[in-house]
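Protein chains: 2
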Amino acid sequence: MSKNRETARATLENLYRIFTIPEAPDSTLGGIDQAISRDVAGFLQTHIVALERSLDEIEADFSSSIIPEEPTYVSEYTEFVKEKLVAQSVHTAAPGFIGHMTSALPYFMLPLSRLMTALNQNLVKVETSKAFTPLERQVLAMLHRLVYQNDNAFYDRWVHNSEHALGAFCSGGTIANVTALWVARNRLCSPSGTFRGIAHEGLARSLKHLGCDGLAILVSRRGHYSLGKAADLLGLGRDNLTKIDTDANNRIDLKQLKETCRRLQDENIRPLALVGIAGTTETGNVDPLQEMADFASELGCHFHVDAAWGGPTLFSERNRYLLDGISRADSVTLDAHKQLYVPMGAGMVVFKDPTAQSAIEHHAAYILRHGSKDLGSHTLEGSRPGKALLVHAGLSIIGRKGYELLIDLGIERAMTYAEMIRQHPDFELTSTPQLNILTYRYCPEHVQQTLLRASEEQRLRVNLLLDQVNQLLQKDQREAGKTFVSRTRLQVSPYAEEITVLRVVLANPLTTDEILESVLAEQCLIVLQQDIQALLKQVETICDEIDGPPVEVCAEVN
Amino acid sequence: MSKNRETARATLENLYRIFTIPEAPDSTLGGIDQAISRDVAGFLQTHIVALERSLDEIEADFSSSIIPEEPTYVSEYTEFVKEKLVAQSVHTAAPGFIGHMTSALPYFMLPLSRLMTALNQNLVKVETSKAFTPLERQVLAMLHRLVYQNDNAFYDRWVHNSEHALGAFCSGGTIANVTALWVARNRLCSPSGTFRGIAHEGLARSLKHLGCDGLAILVSRRGHYSLGKAADLLGLGRDNLTKIDTDANNRIDLKQLKETCRRLQDENIRPLALVGIAGTTETGNVDPLQEMADFASELGCHFHVDAAWGGPTLFSERNRYLLDGISRADSVTLDAHKQLYVPMGAGMVVFKDPTAQSAIEHHAAYILRHGSKDLGSHTLEGSRPGKALLVHAGLSIIGRKGYELLIDLGIERAMTYAEMIRQHPDFELTSTPQLNILTYRYCPEHVQQTLLRASEEQRLRVNLLLDQVNQLLQKDQREAGKTFVSRTRLQVSPYAEEITVLRVVLANPLTTDEILESVLAEQCLIVLQQDIQALLKQVETICDEIDGPPVEVCAEVN
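Order-wise, the sequence lines are chains S and F.
Mapping the first sequence onto the working numbering, position 7 (from 1) lands on 518, and the numbers just tick up by one.
Mapping the second sequence onto the working numbering, position 369 (from 1) lands on 880, and the numbers just tick up by one.
Treat the hints with care, since some could be wrong.
Think about it this way: if two alpha-carbon atoms lie no more than 30 Å apart in a straight line, the pair counts; the simulated BS3-like pairs of lysine-lysine are [as the list claims (entries may be wrong)]:
1) F/K884 x S/K593
2) S/K719 x F/K719
3) F/K884 x S/K993
4) S/K595 x F/K884
5) F/K754 x S/K884
6) F/K593 x S/K912
7) F/K912 x S/K595
8) S/K754 x F/K884
9) S/K912 x F/K595
10) F/K1048 x F/K986
11) F/K986 x S/K912
12) F/K912 x S/K514
13) S/K986 x F/K766
14) S/K719 x F/K912
15) S/K884 x F/K593
16) S/K884 x F/K595
17) F/K863 x S/K595
18) S/K593 x F/K912
19) F/K719 x S/K754
20) S/K863 x F/K595
What the hints contain is simulated information worked out from the structure, not anything from laboratory work.
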């Protein structure tokens, strides 16, 4: 018993140490910490093992479901993290990893993130965030102004208004999109007469009140998958997320959009929201926002723009015209952890009408009281960290012109890469970049030519084989660990069917033209592998079939 | 023109520096970074100014809505952050700040957070997180096992299963609660016959399919406000979040629960979910989970337990009995940024049935493909940071026994504080702690006694005045900046009306009994202020009225 008590006291003392005594600089964790401070790029380069272990093997290191009974020394745990986790993580900041939306981070983001963590503010209410609340409100105003360009008087009136907020900080673009459509739904089904609004009475009664059989969200086939989640979550049903075909440039087909709306009206389905995309996730294209705004206003429905990717294009004097019409949107999603170069976990939605979020306002007895400036009364999430600091830092330190340079650089680089692909005999460009995202596939030039003459059946067979080629190519390249592109499936003219394509995102300012050349060069080497060559041989056989038997060269002539 | 180009080149070079050259150790930001590494408690103590400036004044520093055109030097920006933001933030880690759910953090959380930020993984998919995906799956399994205590064979089968997940990481408890109820809703309205399920057909058709007029969520009046948001968001309507009265210990009244269910059935409203609370936000009480589980099973409805606060009580051999029945819940919410001592922004939900989340499963062409182990196919959020590392670190370094000590300490301290309040002549304990949260108010003992004899009208007048006293007391204490308690409104026996109470959360292991004594002592000083004394004088007048004229002491007797 007394021994037990002694052990308990010793454990308690150790516990206090964890809360009161920092890691020694010469400890394992202290060492890692300093290595990251000194040179994060070097740290990542050294500690992430390039060559991929299989996921099965990695899982073996994370298989126990038992919470350890006894404490572990920080040093011992750190060794584990170094060897089993860090070594087997993804070098998302590497300039040759151009397949995803995560870039290298500006250096100042790291110490400021630590400051944010150390302060551990909770933005749900002023009482646990104080100056961070005005800071977040300011950041929302800055992004609101970037999009809507109202005047000083407007912002003076609304930025610190205790009844309203110009938008909401979110953990990411998905919550931002959900918030926007939640607001749209609740505004369409707002209280009127004896109907107390959807927030109180629910969706079924709202439809009865509106006299319709459903509410539809309309977006192009390139819309982000979060919109499907939103349609499900909000009770509309995925059937009512109506996906419209796109033109050859992955932009919504306005004619089909209008026809679909007419069809929906015939079915007594009311359009809740049009969603325009400013930078499709897969191809980086921008919908015709002006025309969509016109049509939304004609329909009298909410116009949301998902600018999670492309929003920061507004920083660029040269390229912002691509987003013309965005200021007519009722709500706009922006992701700070994408092209604002903030670490993972920061999205935003801004609303044209500063009173829009009243439709989702909520209160409680212990916080978010009426008249308080607590931001939590207008957000989907509750407790939230002070990520606004990192957005504020980016906007201040990099500045409008700095972001402009980053945006322009990425778009130029995408044009350069597109040109490299066009010039290369073995690759086919499958989407022309408007912003800094493009797609292509491995498909030798003569196969591209032959496919134009192929029957549908022949073309389908060839494309199925090429799908396998590109899938293997992408997988092998990822596993080799030197460079990385992603892949998706797209319907791409001149083909009627979906094909597998490689996808490239060019937002890392450290990605050079030489790196782009090396990515293509590596892909040319990978296709020489036996399994891919076997597939390509089958492609050649079908091509021969399409072009007829090769002209026989008569050996006897000479 | 050439000058413009020169400027552009210079800006570009500066931009590259931001991405490639770390802050010098002797720079302002480098200095802050090292100060935090060396001694975060000292840093916070020194840099956060105790005395409160008014929010209006602070807002003036964050009023511009214009994004700066030109870049700012990191050093200059850091000075701004130090003076205007850090100085005016809240010292959430201070051991005397016992009014909110944020504690001091274990030291190792800071360097590991930096590591997490530097790695910048995205947990939506394996391609951008690799080993972090098995790590997160392991953490979900550990928490699942803490709650459900299945055997090894169960976890071996499910932890890394590519079709399913044992739960979901979330930005916080709100998203966790929403996810749980989303799953519950979609499972109740699952595909059957020609009905393709609510995810596709939406809520209105689902009600038709089920043959009912609404779906209700039942929870006690102490339920977290996020449940109201969930009812709204999911299309059920807040009217269908049915709030049940509580007993004297803030636990759901089972009799009323059952009566209400009968009433709902008469109204053709179907119970979707019962929500039990394991640690109410305001008073830390735990619902009778066994009886609720029995009743949920009788109803055949989903049983969710919101254990965002109290979940980690399961670590304690002595106290875990308080949560008896939690293993019968279909889903359980846990917040890592509360009693797992992880920085802000980490919640979780676990599901008893590992296939439950199929009801909200989603896929896309470029990620979350069928058969992949991408966690994003079962989460409400999309891109997410690698916060699982910090939970994993806590569970490993602190261990089950370490958390047990923290939990037991907090509960003991709450008992101690409750006793201090009971013993004190000027305070009234308004909720008896089961866990480490309690409420009380300033109310002198003789007023408490007199109130028992008062008419309803007299009691209401006194309580209204005491509400003002306690509101001012809490505000003045917060503004003085030395210590902090929060406040809420509760219906507390023997009173029939809601009254304003002070709320205390005792989770910071650095909070000592001496600090608790000093909190009460400070409150006794604050009530001496003129405005509060004026209110108390009015209270005395009403008390005199209740007790009749004071017995006159005849001066002439002696």
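Checked hints:
Restraint check for F/K884 and S/K593: satisfied, since their Cα atoms lie roughly 23 Å apart, inside the 30 Å limit. A threshold of 30 Å between alpha carbons decides the hint, and for S/K719 with F/K719 the separation of about 13 Å falls inside it, so the pair holds. Taking the CA atoms of F/K884 and S/K993, the gap is about 23 Å. The hint holds against a cut of 30 Å. Between S/K595 and F/K884 the alpha-carbon distance is near 18 Å, which keeps this suggested pair within the 30 Å criterion.
This hinted pair checks out: F/K754 and S/K884 have alpha carbons roughly 27 Å apart, not beyond 30 Å. Under the criterion of a C-alpha separation no larger than 30 Å, the hint pairing F/K593 with S/K912 is consistent with the structure, at around 25 Å. Of the supplied pair hints, the one linking F/K912 and S/K595 holds, its CA atoms being roughly 25 Å apart against a limit of 30 Å. Using a Cα cut-off of 30 Å, the hinted pair S/K754 and F/K884 holds, with the two alpha carbons roughly 27 Å apart.
Between S/K912 and F/K595 the CA atoms are separated by roughly 25 Å; this keeps the pair inside 30 Å, and the hint holds. Straight-line distance between C-alpha atoms of F/K1048 and F/K986 comes to about 20 Å, which keeps the hinted pair within the 30 Å bound. Using a Cα cut-off of 30 Å, the hinted pair F/K986 and S/K912 is violated, with the two alpha carbons roughly 44 Å apart. Distance hint between F/K912 and S/K514 is fulfilled; the C-alpha atoms sit about 16 Å from each other, no more than 30 Å.
For the hint linking S/K986 to F/K766, the alpha-carbon distance of about 60 Å lies beyond 30 Å, and the restraint is violated. Annotation: proposed proximity of S/K719 to F/K912 is violated, straight-line Cα distance about 56 Å (limit 30 Å). With a CA separation close to 23 Å, the supplied pair S/K884 and F/K593 stays within the 30 Å bound. With a CA separation close to 18 Å, the supplied pair S/K884 and F/K595 stays within the 30 Å bound.
Restraint check for F/K863 and S/K595: satisfied, since their Cα atoms lie roughly 29 Å apart, inside the 30 Å limit. With a C-alpha separation of about 25 Å, the suggested pair S/K593 and F/K912 falls inside the 30 Å cut-off, and the hint holds. Among the hinted pairs, F/K719 with S/K754 is consistent with the structure: their alpha-carbon atoms are about 25 Å apart, no more than 30 Å. Of the pairs offered as hints, the one joining S/K863 and F/K595 holds, with about 29 Å between alpha carbons and a cut-off of 30 Å not exceeded.
Hint check: violations occur at hints 11, 13, 14; the rest are consistent with the structure.
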